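Novice: Given the coordinates of chain A, assemble chain B onto it according to the supplied hints.
These protein sequences, in sequence, are chains A and B.
For the first sequence, position 352 matches number 351 in numbering that gives the first Met the number 0, and the numbering has no gaps at all.
For the second sequence, position 171 matches number 170 in numbering that gives the first Met the number 0, and the numbering has no gaps at all.
A couple of the hints might just be wrong.
The list treats identical chains as one, so a pair stands whether inside a single copy or across any two.
[To be verified] Distance condition first, Cα-Cα at most 20 Å in a straight line; then the derived DMTMM-like pairs of lysine to aspartate or glutamate:
#, residue 1, residue 2
1, Lys1, Glu321
2, Lys96, Glu127
3, Lys5, Glu321
4, Lys79, Glu101
5, Lys35, Asp15
6, Lys96, Asp123
7, Lys96, Glu294
Derived by calculation from the structure, the hints in this document are not laboratory data.
Keep in mind the model is a prediction, meaning the values are calculated, not measured.
2 protein chains.
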Amino acid sequence: MKVDGKHFRSIWRERDGWSVGAIDQRRLPHEFIVAKLTSCGDAAVAIRDMLVRGAPLIGATAAYGMALAMREDASDAGMKRAYDTLIVTRPTAINLKWALDEMRAALAPIDPIERAEAAYARADEIVEQDVEINRGIAANGLPLIEAIVARKKPGETVNVLTHCNAGWLATVDWGTATAPIYLAHERGIKIHVWVDETRPRNQGASLTAWELGHHGVPHTVIPDNTGGHLMQHGMVDLAIVGTDRVAANGDVCNKIGTYLKALAAHDNGVPFYVALPSPTIDFAVNDGIRDIPIEQRSGAEVTDMTGRTADGRLETVRIVAEGSPVANYAFDVTPARLVTGLITERGVLKPDRTSLAAAFPERIATAAE
Amino acid sequence: MKVDGKHFRSIWRERDGWSVGAIDQRRLPHEFIVAKLTSCGDAAVAIRDMLVRGAPLIGATAAYGMALAMREDASDAGMKRAYDTLIVTRPTAINLKWALDEMRAALAPIDPIERAEAAYARADEIVEQDVEINRGIAANGLPLIEAIVARKKPGETVNVLTHCNAGWLATVDWGTATAPIYLAHERGIKIHVWVDETRPRNQGASLTAWELGHHGVPHTVIPDNTGGHLMQHGMVDLAIVGTDRVAANGDVCNKIGTYLKALAAHDNGVPFYVALPSPTIDFAVNDGIRDIPIEQRSGAEVTDMTGRTADGRLETVRIVAEGSPVANYAFDVTPARLVTGLITERGVLKPDRTSLAAAFPERIATAAE
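So here's chain A without its partners, still in its complex pose (with noise of 0.2 Å):
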């Protein structure tokens, strides 16, 4: 999307067609820089220490992690390497597997000499697939919103509000659950995003408020303990979250706290939505609630806040009372049965086992094998 007027994507091959250049995300919302990518232990590190973040960007900047591995020894021993190093850096993301995995099945047939070449091309499919199916996801959005258009009275505002960064940031243009947000602003639909700042990391305070206000899309930062009281008072016609993995019975594993959004939604009749690239869908995970691991992090992203002062200088400041131990869990699992629907780039799928194994019979098949 755009920053300032100008088209950005969150991740791209350079110009030198072999480094890979991505936006510095830990940066955001304070400076806008570049971080170029030139090898595997390059893109390991990025996706550590979330340079890059959200599922679907993980999973391109994996993807070209490979490349990059494959130019420095694209034997059947440096494929090993690369993908164990790669696999191990987030443990939540199921995309980061699906990317590793495509590139290992495009690779391991193929001459070590060739492998370098077609996994930029494989790479480069993966990232230009993430795009498409985003479009998908905003085409198949795009009527939910029409809908409350619909409903309501010429020139009102559609509410919606989002948890965590589902948005460009997070996936390589678009984003998942802005991608119908921003088509919906695109078509001159008022749209005015509710975005919860989303602690611990401030997602939503950093990324997604920077995205909507640098592209123009009308948006209020709230505190992550506000949305509850926005849905008891009517002032949210829908939610749409993203989804870092979403089990075969429909649970959703997100962002820590979009559970209770969930919960609030429900309470007040608000249709909760998530928005996801079919490859978000884990089928080997049968109860999410149960058998998805939840990520704990470091105790700094609770204790500290990293800022610019008034007169320009970024500190990072403690702010949780000295001594006192913390705990960073990063995702909670929304139980299927709060959630309204899954809007993929296949459709707006209910959340449950049947629905989703009919709508991807194929990934059922190797599920199952």
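Specialist: Same frame as chain A, but now just chain B:
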């Protein structure tokens, strides 16, 4: 309660007999500083700028503010001016109005010459009464914790979740939500508190963590988004929160985000209790969700964060994308249907109109006048 072994209250009459000492809660947890209030204006500023906060402490501060005012001008006009100055300092807390009405009722019938002395005496009573009430809450809440102990294996820890600061810092001593916790800790029960960070203003991370830590109660600070996940996985035995106002129908107004935790508790069968001194019940409000006004506070509480740098400086940093609007609703209302019980100094009450009316017949008579 104790600060590193020494007993403190949150507010007190100084040894000079007339000035008022109070812990400056804006400086916690980074600095422990006592402020000296020497005029009604000081008291008003202390409440408005949240040097003191928490419904009972606001009431106590307003009472001393009236006493300080009577030293300056004990005429009827002076009394009215002080009342009018103090009543507008915060819009939501019912205790503010309650304390001011108590003071006015005590002072109006007597000679202006005697008003200053009488005001200090009545303010002291209000303060001591708050401590007594909180001891009552502790005593009435303790059996709820003991019942959990009885269900557990010997030596297992009781996990309590709380939101915001309804601790001794929010009252004169003991706290409301924390009162049963401190008493259980004193009785040797193994208790651990999940402390919601409580954005914005972070009263959990700043104040609750500080007071529990300095008193020696085991606790862990968590982002506000985390409680649902913990409850889903059996890691919370009990939630206890405070409240700024309870409606006659049992609806509970408290710091924004309380409603979301109540929803999660309900969804997971975790008992959700609200601890309160009875003046917090506002029998004049029939329907909490519809009728309690929700204070909107400065956006700076959302955009800016103050903390200590690694080298010890206090800095305030902006954490939200530049140019993004923010909203800051300070409270929400939890419907009575999600509340297991109200822990008051008169016992644990069902949150419904009949039970509240039966427990406080004298208040109903007053409200009906």
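Novice: If a hint holds in the structure, say so; if it doesn't, say that too.
Specialist: Now for the hints, and whether the structure bears them out:
no. : hint             : in the structure
1   : Lys1 <-> Glu321  : between (42 Å within a copy, 16 Å between copies)
2   : Lys96 <-> Glu127 : within (18 Å within a copy, 62 Å between copies)
3   : Lys5 <-> Glu321  : between (44 Å within a copy, 18 Å between copies)
4   : Lys79 <-> Glu101 : within (13 Å within a copy, 77 Å between copies)
5   : Lys35 <-> Asp15  : within (11 Å within a copy, 67 Å between copies)
6   : Lys96 <-> Asp123 : within (17 Å within a copy, 66 Å between copies)
7   : Lys96 <-> Glu294 : within (15 Å within a copy, 47 Å between copies)
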